[in-house]
Amino acid sequence: MQYASRIDSTVKNEATPASYVVLKRGMDIIGSLLCLVGLAPVLLACAVAVRLDSPGPILFRQQRVGQGGTRFTMLKLRTMYANAPVAPHQAYAAQFIQGRAEVEQSAANGPRYKLTTDPRVTRIGAWLRRTSLDELPQLWNVLRGDMSLVGPRPPIGYELNYYQDRHFVRLAVKPGITGLWQVEGRSSTTFEEMVALDLDYVQARSFLRDCLILCRTVPVVLARSGA
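Using the working numbering, you'd call the opening residue of the sequence shown number 5 and step up by one each time.
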């Protein structure tokens with residue numbers, strides 16, 4: 005909770021209706037359970053593909069920062085070679101947060117902010133990232149209560165070194181698998197635009213809005229999968 009004091013007080017102290025908390029948690033539990041069961045064959049197939057593609061564990065475990073600065077271990081399907089160096093992403097994260105990241109222009113998708121031509125990413129890993137299937141193990145994080153289905157993406161600890169005070173609003177609520185950033189632009193948005201979307205969500209969050217974001221996520225993921 006070391007970052008709680010840096011979260012915008014107008015957001016941190018905002019009363020959250022008990023009904024919303026109960027409904028959201030209920031949706032997280034039921035939704036994550038249904039998805040884990042229903043998508044089990046897909047998850048199994050992806051796990052086999054990861055294992056066959058390159059040596060190393062199937063799951064990638066990484067410390068992330070959740071609500072109020074709480075640390076937790078987030079799960080993903082491994083998309084990089086085992087023991088890949090973290091320095092390239094640390095450098096890119098600093099540039100992205102500080103507004104100095106290079107933009108890759110794409111005729112199909114427009115400007116994109118991302119770590120391009122990353123040699124750490126495996127062949128199957130690139131596809132898993134494009135389809136967002138690498139995020140499926142985070143359903144377990146949702147079931148455990150570390151994350152929610154909908155919310156801001158959880159930052160890596162070293163990313164907070166480059167945060168300004170207004171950026172810590174992202175830690176005011178439980179992090180999610182999907183959110184406004186994912187459905188509004190994802191890699192085509194700057195970090196400041198991402199924070200603005202997160203602030204919009206935090207200040208106007210509701211059960212209905214969570215449901216709408218989940219519904220909007222499906223076509224966005226399908227469209228990206230077919231790209």
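Treat the hints as calculated values from the structure; they're not laboratory data.
Since the model is a prediction, treat every value here as computed from it, not as a measurement.
Any given hint could be a false lead.
Label-pair distances were calculated between CB atoms; the ranges are [said to hold, decoys possible]:
{"id": "1", "residue 1": "85", "residue 2": "43", "range": "17 to 27 Å"}
{"id": "2", "residue 1": "37", "residue 2": "61", "range": "23 to 33 Å"}
{"id": "3", "residue 1": "34", "residue 2": "220", "range": "14 to 24 Å"}
{"id": "4", "residue 1": "166", "residue 2": "37", "range": "33 to 43 Å"}
{"id": "5", "residue 1": "91", "residue 2": "26", "range": "19 to 29 Å"}
Where is the CB? At the ideal position from N, CA and C, for every residue including glycine.
Inset, instruction - Could you tell me which of the hints above the structure violates, numbers in ascending order? - result: Those not satisfied come down to hint 5.
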